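Trainee: Residues per chain are reported as follows:
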Amino acid sequence: MSKKILVGCILFIFIWLSVLFQINFLNIVPLYGVSANIAIVVITSIGILAGRVPGILVGIVYGIIYDILFGKCFGIYLILYTLLGLASGELAKGIAKENKMSLVLMSALFTIVTEFLTYIIFVMIYHYDFELLYAIWMLIKETVYNMLLARILFKPLTLLAEIINKSKNSYYLL
Amino acid sequence: MRGKWLKTAFIGIVVIILFACIASTNGSARKVTIIESLINDLITFPQKGYTYLREYVTANDNFFVEIDELKKENEELKKRVEELETKVIDYESIAAENQILKSHVNLVDKYPDYTVVIADIISDSATNWEATYIINRGSDDGVVPGMSVIEENGLVGYVESVTANTAKIISILDAGNSISARVTRTRDEVICKGSISLAESQDLKVMNIPTGTILVEGDKLETSGLGGIYPKGIEIGEVIEVINKQNPLENEAVVETYVDFNKLETVAIIINQK
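Residue numbers (the numbering used here), protein chains in the order written: chain A, 1 to 174; chain B, 1 to 274.
If we strip away everything but chain A, and leave its shape as in the complex, we get:
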């Protein structure tokens, strides 16, 4: 039992540190005016490497944090990131998990899907101007940045997924 709590704590600390990394580093070092989104990379990786349920739970935690800290209303990121955790866990069943490239490519795919959905939701809710071409250009830049981030974070994320996998059902105690 204590091991499961410990895994939950490790996961939460990792998420907390990643949000700090996002605020204090990724936001400050944009690539051609675009920042990487660490939440998408971590949720996708955990979904792929540790399975659907950890992916969903990590998505929920990130969603709540992002909605509280950065969102203009509560719930958008929560829904999107939970679905991202679910989708990555489901779609990753046939993927070679030890392959760095598959993780990087999946991060790219889910970045495109998640960010495009976010943009469409914002267009509908907040009446953003529908500047599709520019949105696609931003998506391309962010996708490249996220792929780079996924490659850099491959080892710590693999280690985190291993810890989760070793502790059976630890996610129920998150």
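It is worth saying that the hints were derived from the structure and are not from the lab.
Each hint should be verified, as a subset may be incorrect.
[As the list claims (entries may be wrong)] List of simulated lysine-lysine pairs, DSSO-like, C-alpha gap at most 27 Å:
1. K110(B) x K72(A)
2. K205(B) x K141(A)
3. K263(B) x K72(A)
In this text, all values refer to a predicted model and were calculated from it rather than measured experimentally.
Use these hints to put chain B onto chain A, whose structure you have.
Mentor: This is chain B only, laid out in the frame that chain A set:
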């Protein structure tokens, strides 16, 4: 008897040879023989080395004495450099702080009608679709949602939500944010709106330009006071481009904001109007 004669003869021959040598080498410009040259080199070569060493040591006779002093001096200079570097950092920090305080004073002078709370930005948005900030002032400091946020140079945005010690600001660059603005020169009302395509260059789009309103580059925009969020007369920016379309109702303009959002560190929240 015979030996004595031989000795005398030998001495005589040597004397004659010597005289012959003297006679042959005595001249103002004679050529040195190979043997002379060889002997000369044999002696002078090590002598040259010895002379060089002697001169070197003589010329630097203080070298060994001074090396300790130089080491000591070097250490002292290093310490001094460190001290000065620390002082420079301190001065830079003080200068930056001074700049911030100066901007606060300017801000209060510029908007004397408003009571403001100064806040530092502690985070900006993690996503690329929103332009939000988190500041280190909240409801404990009297900040409530809907309050306007300004900076020395102009309008920053409005407070969207608050906690006890923090508040979330929606910037005017946010693509979902619209501002009712007035052209300072003509007093015409227009709508300024953030846009994702202009966010990187920190510009706003001017829409709903009334027919008959002629915007020109260099026109200044300020808040109109309509809309209920922003008070009247806060500077927004300057028109840098006018895009005329076939349908005059679709005319647009691009406004460069006065606030440099990339360097935004401190803002002021308008608590109330005096």
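Trainee: Are the hints correct? Go through all of them and say.
Mentor: Going down the list of hints, with the structure as the test:
1. For the suggested pair K110(B) and K72(A), the alpha carbons sit about 30 Å apart, so the restraint of at most 27 Å is broken.
2. Restraint check for K205(B) and K141(A): satisfied, since their Cα atoms lie roughly 23 Å apart, inside the 27 Å limit.
3. A C-alpha spacing of about 23 Å is found between K263(B) and K72(A), which places the hinted pair at or below 27 Å, so the restraint holds.
Violation of the numbered hints given earlier is confined to hint 1; every other hint is satisfied by the structure.
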